[in-house]
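S.K.: Now for the letters of each chain:
There are 2 protein chains.
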Amino acid sequence: MTTDTLTSDELRDAWPVLSIDERLEALDALATREANAFFLKLSAADQAGLVGASPPEQARTWLQSLPPDDAADLLQQLEPELRAQFLAALDERTRREVGALLAYAQDRAGGLMSPRFARVRADATAQEALVYLRQQVRQNLETIYYGYVLDADQRLLGVVSLRELFAAPGERPVRELMHAEFVAVQANDDQEKVAHVLAEHDLLAVPVLDANGRMQGIVTFDDVADAVQKEATEDIQKLGAVEVLGAPYLQVGLWKMVQKRVGWLAILFVGEMLTTSAMSRYQDEIGRAVVLALFVPLIISSGGNSGSQATTLVIRALALGELRLRDIGRVLRRELAVGLMLGSILGVIGALRVGAWEAVFGTYGANWLVLALAVGISVLGVVAWGSLVGALLPFVLKKLRLDSASASAPFVATLVDVSGLVIYFNVAWWLLRGTLL
Amino acid sequence: MTTDTLTSDELRDAWPVLSIDERLEALDALATREANAFFLKLSAADQAGLVGASPPEQARTWLQSLPPDDAADLLQQLEPELRAQFLAALDERTRREVGALLAYAQDRAGGLMSPRFARVRADATAQEALVYLRQQVRQNLETIYYGYVLDADQRLLGVVSLRELFAAPGERPVRELMHAEFVAVQANDDQEKVAHVLAEHDLLAVPVLDANGRMQGIVTFDDVADAVQKEATEDIQKLGAVEVLGAPYLQVGLWKMVQKRVGWLAILFVGEMLTTSAMSRYQDEIGRAVVLALFVPLIISSGGNSGSQATTLVIRALALGELRLRDIGRVLRRELAVGLMLGSILGVIGALRVGAWEAVFGTYGANWLVLALAVGISVLGVVAWGSLVGALLPFVLKKLRLDSASASAPFVATLVDVSGLVIYFNVAWWLLRGTLL
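Chains as they are written, first to last, in our numbering: chain G, 737 to 1173; chain R, 737 to 1173.
Keep in mind the hints are simulated off the structure, nothing from the lab. Only a predicted model underlies this, so the values are computations on that prediction, with no experimental measurement involved. Using N, Cα and C, we set each Cβ at its ideal position, and we do this for glycine too. Treat each hint with caution, since some may be false.
One-sided and incomplete, this derived list gives chain G residues near chain R with beta-carbon spacing under 10 Å [unchecked claim]:
(1) L866
(2) E967
(3) A1029
(4) V1050
(5) A1055
(6) R1089
(7) P1146
(8) A1149
Cross-link-like lysine-lysine pairs, in silico, DSS-like; alpha carbons within 27 Å at most [what the hints assert, rightly or not]:
(9) R:K777 x G:K966
(10) R:K996 x R:K1135
(11) R:K966 x G:K1135
(12) R:K929 x G:K966
(13) G:K929 x R:K966
(14) R:K966 x G:K966
(15) G:K777 x R:K966
(16) R:K929 x G:K777
(17) R:K1134 x G:K996
(18) G:K929 x R:K777
(19) R:K966 x G:K1134
(20) G:K966 x R:K1135
(21) G:K929 x R:K929
(22) G:K966 x R:K1134
A short list of chain R residues far from chain G (calculated; beta carbon distances all over 10 Å) [unchecked claim]:
(23) R831
(24) R832
(25) V1106
Next comes chain G alone, as it looks inside the complex (with noise of 0.2 Å):
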């Protein structure tokens, strides 16, 4: 592909395909402000990539543009050597502040935060306030729109918008307009955290303080509306069997996607070879009535269906933090009684679709009736459990501070399989003693 004619818009939508040299082509064709106002959007990941592939001279010159935050994040998608040898390059400030953001975890909020806030002084008039943030607009802030009132040890005393510098009479001190009762996260306060206190408040920023109270950055809305979406990837991903991936589908390596997906899918083979065993113990009776394996594909799924369904439902709510722990009892009786009106709706299905075929094509003989009612009452049973299973199992790995979005759906299915297995035939063998086994 020639890339050296794209214009900004073009490069975006053929980005994901290209190679970092077609990238490195395609952004040198850029006029420079373009090119960079490119390259402020990318991801960390395809900044570092970048970064990683440039002549020292092109790579310190990105990074020195970019916020400290940012940066930061970059640095920590490179190798240890090549991160020491750009910290080195960065002018002196910007080291310093980049360094204290290295030391959290790039899902913390010490990680997320940007250390250039602005500071008013609880003394100042509103005006003078006013006046203090006019001139500091231009220190490249990662917002004007909230002033914080520091002691002489850092501790954060209040917070103040410019909203309401604005709304305040020139004359009055910032001590008696600024919030003393904040909200504030603490450095070690994962990225969830973080994005349900600035949504919970409605706030641009919150402010991130450490072990001893002392402000350290803010954390802005923008920062956080990207970790909203990647956390419900992850708990999308997890309900699907698979590990997180934590880059773009295409960027990750065929071997690295294999590695992603077999750990689960392994876990889930072995599980459900219990149904080999558990039908082994069936053999007998499917050697006289074959018919009776027939149905098994069917019954033991609708029980992972519905088994999914309860499991999806739950997870989500336990992230939205609209159930807790506690709600488990009221959650079991609700799906129990949904999983036996879902498991009539369908036994009934199951059993007309019995009689339909004996009907039309005379497929099962004298004994339907009975089949019919086995294939009903099993998939009621199984449904029902399904139900109760993959609500239960979110709150049993919750309970034991594992991450609930494990329970993914190919889980509960797994699960369902097994004891569907042990339903049906129990259910077919109380039925149909006497007469087909």
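Given chain G, put chain R in place with the hints provided.
M.R.: Then chain R, alone, in the frame of chain G:
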């Protein structure tokens, strides 16, 4: 529960399990200011419940306290008669604004927007614009951090941020400072589009234009943060083969819950009936070698699981814009390769299982090696096929302009169950002819 002694925080915790009467009683017991703050934080559905059950005077006070966009959301939750009645009770300005918003669906830009944005004149100086914004600060505007420049026909000419006004020399005219190439959305754009635009450009608010380019209002980042969460929830529910609940889990009535789940479950159940038909074609083979039936759940579920993985990854990548329709060829080649690798690993495990049981229990007799081979090859084929189908389906749905998230994991599993059976019995027949069969 006695609810008239709860603090605001306790009330928030207890909220989901309280009846409407208990909720009113608890709010009544809070200080007015606290009760109002609490009310403002509730979901539109919860607010509507309270307003609908309150005496007219209290209902009107609450409604009037909401910004127009939130008031419109609330009214949209009420029955038409009640909605008209409450709308009539609002003051004239609010009634006009809310009425305009009600013309749009709640998940469109027009339904999310607030008509209360700050206007600035193009020929004003930066200093004049700042003074003017400062005067408007008490006007209950959604944000004063952006000023919008309109012409006489209410068409948007440009946007300038408060920060830019701050940074500019005071005598510079707004005309020279404003961005004439601004980002905007159409009133009919859906909320996902709006969320994407805000995040992509790191904006606090985006202007909403009607079909004639006239400015109707702005959507702010906090309106859309909720929309992003909601969208992820909807995708997750669809992946679990549940129709979108549209309300917190515990607030969906039992019968409603059955309705949301029975549709997909019944479709999947009827689809899975094809497994019964498929297996009955091999009834004679099963009769001769019951052992074949024992591996059916193991083999078809391995295809369902690999299919769930592929469909989950592809659906999320499509939703995030990481993949587009034209990537289909690349994705299918990748999934075939990944599927063959995964299938080889699982196939070997499956064959070893047969060998191990034979070695320890002598389960399968003289033909154990061919049986092991049949199981291993079938698993390889079914897993690769599952990955391929799972990846293909979301593309097909998207191409047909259907919602690609409907390619739920259970849906893919059902498809693969049926075809997996055919693969298995054909491999078995081909390998076991003359020995077991």
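S.K.: Among the hints numbered above, which are violated by the structure, and what are their numbers in rising order?
M.R.: none
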